[in-house]
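Please model the complete structure; the sequences and the hints are all you need to start from.
Protein chains: 2
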Amino acid sequence: MREGLPPAPLPPGSTIGMLGSGQLGRMLAMAAARLGMKTHVYCEASGPAFDVATRTSKGGFDDLAALAEFAASVDVVTYEFENVAVDTARHLARFVPVRPNARALEVAQDRLLEKRFIADLGIPVAPFRAVDGESNVRAALSEFAAPAILKTRRFGYDGKGQVGLAPGDDPCLAWKRIGARPAIIEKRMAFESEISALAVRGVDGELAFYDCPINTHEAGILRRSVVPSGLPDDVLARARAIAAAIAGALDYVGVLAVEMFDLGGDLAPGQRLMVNEIAPRVHNSGHWSLDACTISQFENHMRAVAGWPLGCTRRHSDAEMVNLIGADAHEWERLAADRGAVLHLYGKREARAGRKMGHLTRLCLRTSA
Amino acid sequence: MREGLPPAPLPPGSTIGMLGSGQLGRMLAMAAARLGMKTHVYCEASGPAFDVATRTSKGGFDDLAALAEFAASVDVVTYEFENVAVDTARHLARFVPVRPNARALEVAQDRLLEKRFIADLGIPVAPFRAVDGESNVRAALSEFAAPAILKTRRFGYDGKGQVGLAPGDDPCLAWKRIGARPAIIEKRMAFESEISALAVRGVDGELAFYDCPINTHEAGILRRSVVPSGLPDDVLARARAIAAAIAGALDYVGVLAVEMFDLGGDLAPGQRLMVNEIAPRVHNSGHWSLDACTISQFENHMRAVAGWPLGCTRRHSDAEMVNLIGADAHEWERLAADRGAVLHLYGKREARAGRKMGHLTRLCLRTSA
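Quick mapping for you: the protein sequence lines, in order, are chains A and B. Per the working numbering, the very first residue in the first sequence carries number 2; after that it's consecutive. Per the working numbering, the very first residue in the second sequence carries number 2; after that it's consecutive.
No wet-lab data here; the hints were simulated from the structure. Computed from a prediction, not measured in an experiment: that's the story for all the values here. You may find that some hints are simply not true.
Put simply, identical chains are the same to the list, so a pair is met inside one copy or across any two.
[Stated by the list, open to error] Below are the SDA-like pairs computed for lysine to any residue, each with C-alpha atoms no more than 20 Å apart in a straight line:
no.	residue 1	residue 2
1	161	83
2	177	162
3	349	74
4	349	15
5	349	10
6	59	88
7	349	14
8	349	76
Pasting the structure below:
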């Protein structure tokens with residue numbers, strides 16, 4: 002794909018296929034509509050994206066015939082969650098471009114592959130070992146002292162599929178708690194803060210970045226993202242360079258989020274950031290871009306996927322994004338009356354515990370006008 | 002409705018019914034989705050709003066049974082064009098709240114009623130006379146010297162249904178050119194500029210305003226809107242007061258646009274503005290609010306219609322909105338590459354002459370950051 006001319010941009014009126022029906026898909030579909038594009042959302046079950054899609058299909062991600070039919074109805078396929086089976090993406094790619102590509106999915110959805118891939122690029126990651134049995138977890142843990150974290154290789158998100166190991170904890174019990182599945186154990190790093198680099202890469206390799214937010218998690222779920230992060234420019238430049246290296250190595254198209262730890266100001270800029278994980282999609286920590294930037298992460302993902310030039314990522318206001326999780330959404334009436342907040346609700350019916358129901362963005366003009 | 006407590010706000014997950022399927026409906030539907038609302042679009046034919054609506058129905062605006070069925074499926078009804086028949090709105094209002102109300106439609110869609118209504122509020126309008134026959138048009142014209150404009154009372158928009166009368170023109174011929182239909186003749190005013198006041202009024206009478214843009218028309222169609230207008234504060238305050246008086250007199254709910262002429266700085270602020278016409282809906286001259294304000298006119302219309310508190314109308318950037326009309330849309334590839342422009346395309350297939358295909362907003366941060 003990188004040989005010769007880049008593919009021509011899809012004209013307005015084209016249809017972007019999307020795998021997944023969650024809130025990211027909902028915001029992506031609306032961004033596509035702004036560009037005059039249609040969307041066709043394919044998912045096993047209906048969800049927030051179905052409400053705003055031009056067309057929807059319910060089908061299994063292993064239903065090859067239904068997927069082929071879906072592929073025939075669209076001009077390009079993207080996805081809004083990283084656990085799309087690699088085989089599903091490869092099957093679709095026989096009929097239609099899939100952006101980001103299947104390789105990005107493969108790397109992002111397996112923590113072992115992901116760590117190795119990033120480390121092979123010379124980018125720091127926490128010390129880790131593969132774990133596939135009880136004896137192995139004990140041996141791996143003995144190689145570096147607890148505290149450590151045991152994480153399933155696959156299907157972990159929002160803190161699911163992982164468990165912490167304090168000194169003295171029984172590693173075998175921990176392994177059973179994550180389902181006795183293939184896993185990695187990694188050293189728990191003492192970090193000062195968590196940030197994310199949000200890059201977008203076009204079909205021609207053009208790169209753009211959003212400001213790196215500083216992120217706060219609660220119970221393994223993102224609670225808050227703030228821009229600017231307050232980190233020094235050289236550290237932020239390093240964060241962008243890391244995201245660019247990963248995006249380039251994957252021949253990536255679309256928005257790529259790279260979650261990082263800032264280990265602290267005592268280290269050199271080149272040593273200070275350590276990659277935690279990547280997400281081959283628009284990212285919760287970039288939702289403020291909808292309200293604080295000229296062009297949001299959602300539109301820029303769709304621009305990249307459609308082969309369009311990237312839009313301006315400039316931020317016009319300082320911003321704080323706060324997730325509304327579970328029962329937080331019951332506060333909608335109070336939040337709707339808060340003139341300092343831009344409220345986004347995802348149209349989910351049940352406010353189950355731990356479920357992302359919406360978010361709000363507080364804007365602060367950087368200067369008095 | 003204004004007695005006692007205002008109606009309770011509709012909870013997220015409610016369905017907002019919308020009459021009309023054009024680009025205004027498309028942008029309104031997306032604004033509703035952001036608030037976690039569903040939309041049900043009802044129109045005689047499919048259009049840009051169908052692509053992003055949760056549900057769509059094709060039906061006639063005089064099909065009382067289909068309208069009743071539509072009403073039963075929604076929690077409130079609004080509309081995106083002002084030529085919804087008053088009888089249609091009254092029929093729907095038997096089942097479900099219609100916002101803005103039928104009275105606003107009635108006034109806005111008949112130029113004679115509209116002029117009288119505004120003049121009765123003590124707000125300046127151009128001198129006008131009702132015209133309903135050849136003798137009448139000649140008599141009316143004799144009352145004030147040409148130049149004048151002959152306009153059909155109903156179904157005029159984007160310069161349609163009107164014809165100018167220069168000194169010496171045959172008024173009867175002009176009347177035939179507009180279809181020999183009930184009309185008004187009004188004096189063509191020498192104005193310095195055209196502006197619009199964009200007000201939004203909540204169910205409890207709460208009022209908010211967007212900055213008044215200064216508007217340029219070409220061939221009767223809006224081409225460009227710019228904020229700030231450069232007009233003095235007292236003139237802008239007068240524009241807001243005019244819009245507030247009209248909205249209050251109509252017990253209006255939603256965004257109301259009031260197009261005005263600025264007759265020039267030689268006049269006192271109270272004399273300087275003259276109302277041209279009102280639009281009981283979001284307005285093309287407010288499209289820049291999507292990109293330049295905390296909360297757009299579309300979201301604020303939906304907030305008002307849903308009985309929510311109004312959102313913050315603050316403008317974070319100076320802005321210029323340019324309509325893409327007809328063949329302008331063929332330039333999409335060049336416009337997509339223009340990083341200074343935020344591009345909005347409406348998903349219309351054919352770029353017919355005079356058809357609004359999209360718009361773009363150029364933002365200019367008011368201060369260097």
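Structure-based check of each hint:
no.: 1; hint: 161 / 83; in the structure: within (14 Å within a copy, 51 Å between copies)
no.: 2; hint: 177 / 162; in the structure: within (11 Å within a copy, 77 Å between copies)
no.: 3; hint: 349 / 74; in the structure: between (27 Å within a copy, 19 Å between copies)
no.: 4; hint: 349 / 15; in the structure: between (28 Å within a copy, 11 Å between copies)
no.: 5; hint: 349 / 10; in the structure: between (34 Å within a copy, 18 Å between copies)
no.: 6; hint: 59 / 88; in the structure: within (18 Å within a copy, 40 Å between copies)
no.: 7; hint: 349 / 14; in the structure: between (28 Å within a copy, 8 Å between copies)
no.: 8; hint: 349 / 76; in the structure: between (29 Å within a copy, 18 Å between copies)
Violated hints: none; the structure is consistent with every hint.
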